[in-house]
Structure formats: C-alpha cells, structure tokens
Amino acid sequence: MPTYLSPGVYVEEVPAATRPIAGVGTAVAGFVGFAADGPFHEPVLVTNWTQFTNTFGDMTERYSLGKAIYGFFNNGGGRAYVVRVPTGSDGASAPAAELATKADKKVPAFRVEAIDAGAANVSVKVASAEAEGDEAQFTITITSDAGEESFTGTLGKGRNNLATQVNAKSKVVKIEALDAPAALVASGLQESTVALAKPANLPAASVEPGDLIGDSSRRTGFTGFETLEEITMILAPDVVTAHAQGLIDLDAVKAIQTGMLNHCELMGNRMAILDTPTGLNAQQASDWRMNTTNFDSKFGVMYWPWVQVFDPTLGKNASLPPSGALAGVWSRNDDTRGVFKAPANEVLLGAVGVDYAVTRGEMDMLNPMGVNSIKSFPGRGIRV
8 MPTYLSPGVY VEEVPAATRP IAGVGTAVAG FVGFAADGPF HEPVLVTNWT
58 QFTNTFGDMT ERYSLGKAIY GFFNNGGGRA YVVRVPTGSD GASAPAAELA
108 TKADKKVPAF RVEAIDAGAA NVSVKVASAE AEGDEAQFTI TITSDAGEES
158 FTGTLGKGRN NLATQVNAKS KVVKIEALDA PAALVASGLQ ESTVALAKPA
208 NLPAASVEPG DLIGDSSRRT GFTGFETLEE ITMILAPDVV TAHAQGLIDL
258 DAVKAIQTGM LNHCELMGNR MAILDTPTGL NAQQASDWRM NTTNFDSKFG
308 VMYWPWVQVF DPTLGKNASL PPSGALAGVW SRNDDTRGVF KAPANEVLLG
358 AVGVDYAVTR GEMDMLNPMG VNSIKSFPGR GIRV
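Using the working numbering, you'd call the opening residue of the sequence shown number 8 and step up by one each time.
Keep in mind that a hint or two might mislead.
[Claimed, not checked] Derived DSS-like pairs (lysine-lysine); straight-line CA-CA distance at most 25 angstroms:
id, residue 1, residue 2
1, 261, 181
2, 113, 205
3, 305, 382
4, 164, 181
5, 348, 382
6, 323, 305
7, 176, 164
8, 261, 112
9, 305, 205
10, 176, 205
11, 112, 164
12, 178, 261
13, 323, 348
14, 382, 323
15, 261, 323
16, 164, 132
17, 348, 305
18, 113, 181
19, 132, 113
20, 113, 178
21, 164, 205
22, 164, 113
23, 164, 178
24, 112, 181
25, 181, 205
26, 112, 132
27, 109, 164
28, 176, 113
Just so you know, the hints here were simulated from the structure itself, not pulled from any lab data.
Using the sequences and the hints given, assemble the complete structure.
Take a look at the structure:
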C-alpha cells in the first residue's frame, strides 16, 4: 500500500471485487521423445506439422514421436512443446558428406561430418587455391545457419594440412581422411559443393531411461517443462515403442511413466497421458495397470489398446501408441465443447483400426481402474 510522508488528502482507488477472467491455454501438450534432427533437451514450441518438421525432421520408421505429433495436430491439437532426447545412435546419424578425389570423383578422399547431430542446412564447397611452393592448396568453405567458415591448406602432412586446420578451428564440422589410394589423393580434391545429409536409415539405437525422465538440475527430459506453466499434459509415446523394439524392458517403462506422474504431481497443473505396452489383451491391460505399474495418482490417465494408422515411413498401416492422437482430441474437445466436458465419445481422426476389439464388459472392467478403452463402433469410427 502507499506510504504517506506528509499531511494531506489522498484518494485511493480500490480494485473491484469482480475481475475479468484472463484467457489461458487449456490444452498445451509437452512431448518428449526421439527425432532425426533438432536440438537436444530444449523445449521447442511448435504450432503445426510444418514447424515440427522444420526443426526435428520428418517421421522416422523406428520412432513414434513424429507420428504422434502428426496425430496430435490431425486431431485438433494447437500448441505443443517438444523435447528431443538422445539415443545411442544419434552420434552415428550426424549429417555427413564425402569429398571426392580430383582424378576419380567416385573415390572419396575425406568424410565431412557435422559436430552437432541435430545440425541442418550445412554445405561444404571445395575450390582450388593459389599454390604455395610445390604443393597444391584447396579452400573449403562451410556454410550453415550459424554463418560461414573458410579454411585453406594442403593435403600433405604438417601444420598447413587442410583437415588439421578444419578439425582445430571449425565449430560446425570435422573431417576424417578415408582410405583412398595415395595416387588419387595426390591428384587433389574435386571442385564441388556438397550438402551434408543424414543416413537414410538410422542405426540401431540404445535408450537410457534417465534421458527421458531428466535431471532437474540441468532441466533435461521432462524436467525441462518445469519452467513452462502453460503446459497441461505431457506424453512420451517412444517409451512403449522402445520396449516393443527390445531397447528397454518393462521395468524401464514403469520407471519412466512413474517419472512422468511424479513430474505432474510436483507441478500440480498438468496430466500425464500414458500408453500401455503393445499387444495386450483386456486381462493383460488390467494386470499392467493394477499389478505391474500399480500407479496411484490423480494426475495421470492411461489409454488402451494401440491404434492402427497409415504409416508413410512403411507405406502401409501400422500400430501406433494412441497418446499423441488423444492429446489432440483433448485439445479439440476443449475448443469445441468446453473444458468442463470430458473428452469422451470422441472420434480419433486418422485411425483405421484398433489392435484389440474391446467388448462392453471389458470396458466396464477397465474404466474404473483408470484405463480408458479405444473402441471401433460400426458406422461411427474409432472412438474413445
């Protein structure tokens, strides 16, 4: 309140008891998972599919994050924060290109690889430079979103070696000499411009549960969402996908999903949308919920079974964890029906089937446990 230091008449305006209600987002999703590109452990806001692909790349066959994000926007999702976490294959999947010898452009002399596995729009131009002495010199110009770097040197040994200079000074790429015949290397480098690209098929990954759960001191994984008060739901479809591929066991799935619930309990303003492992029947889904996980939280919801969608990375229908599409349904429900209405009896757009035909009796058994069933209704589509 004001402090008055001299006599006088002062007028104070008292705020009205009734104040306008400020508009806030009610369905902002937080995704954590694996992607082909993009920064690690940094929440990035995306509001449409194009923004996601510009930052994190397109869908990948192995991971579910991109497909879940597509399902989110396809079902009415508006805003999402995405945190990319690393896998054991991310270093091997950094964008790269090869520099050919001048005598035979089919024989590469060097391999150029981006230092940051998530780097994009990196190109390398090779040009001849004025020779110093008997050795030919070449200039490598590296262009990226961060700017341009240029290095000039020879292919011979010594401090003027081109690869040595690049590896010591470049902040964008590193160069590795390949096992090319000495005579071809001596001919020099082919003058050209090449764009660094990721390998077509990512190698087998390894998954560390701690990367998804995160470290609160470093704001990694889910803990990166602690500073984002507007998030109302979090999900990690890649958890059960990684289990389906044998990359983690059920104990790790439980640990990660427990971490999601703990995060939501701590924040108190968001829900965790959980997927079950693939291939479960009704009894197994019940056992997973009541015995294996044994969760006790008001800040989580579980959906079962997996849904079938068209997978463009495979060119055919495939099973997918439903959480991404369900997050979009939540958002659509808030926009069209209101936050006071539960997202029930809603159609899952893009779904062409379910992995398990749920009966009414099985729904009656699972719903009180907090397992929400997804069912195919004749003439009415796939609904939750």
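Review point. Are the Cα positions of residue 382 and residue 323 separated by 25 angstroms at most?
Key: Holds. Residue 382 to residue 323 sits at ~21 angstroms (cutoff 25 angstroms).
Practice item. Sort out whether residue 112 lies within 25 angstroms of residue 261, counting only the CA atoms. Key: violated, 52 angstroms
Check your understanding: Given the proposed pairing of residue 164 with residue 181, does the C-alpha separation stay at or below 25 angstroms?
Key -> With Cα atoms ~17 angstroms apart, residue 164 and residue 181 stay inside 25 angstroms; holds.
Exercise for review: For the pair we were handed, residue 348 and residue 382, check the Cα-Cα distance against 25 angstroms.
Suggested key: holds, 20 angstroms
Exercise for review: With a cut-off of 25 angstroms on the C-alpha distance, tell me whether residue 323 and residue 348 pass.
Suggested key: Not satisfied, since the Cα-Cα distance of roughly 35 angstroms exceeds 25 angstroms.
Practice item. Mind checking the alpha carbons of residue 261 and residue 181 for me, to see if they're no more than 25 angstroms apart? Key: violated, 39 angstroms
Point to revise | 25 angstroms Cα cutoff - pair residue 112, residue 181 | key: Status holds; Cα separation ~21 angstroms.
Check your understanding: Taken at face value, is the distance from the CA of residue 205 to the CA of residue 164 at most 25 angstroms?
Key -> With Cα atoms ~30 angstroms apart, residue 164 and residue 205 exceed 25 angstroms; violated.
**Study point:** Restraint status (C-alpha distance of residue 323 to residue 305 at most 25 angstroms)
**Key:** Distance of about 38 angstroms is beyond 25 angstroms: violated.
Point to revise | Restraint status (C-alpha distance of residue 261 to residue 323 at most 25 angstroms) | key: Roughly 30 angstroms between the alpha carbons, so the hint for residue 261 and residue 323 is violated.
Review point. Can the restraint linking residue 178 and residue 261 be considered satisfied, given a maximum Cα separation of 25 angstroms?
Key: violated, 40 angstroms
Point to revise | Satisfaction of hint between residue 178 and residue 113, Cα-Cα up to 25 angstroms | key: violated, 28 angstroms
Hint compliance for this structure: hints 1, 6, 8, 9, 12, 13, 15, 20, 21, 28 are not met, and every other hint is.
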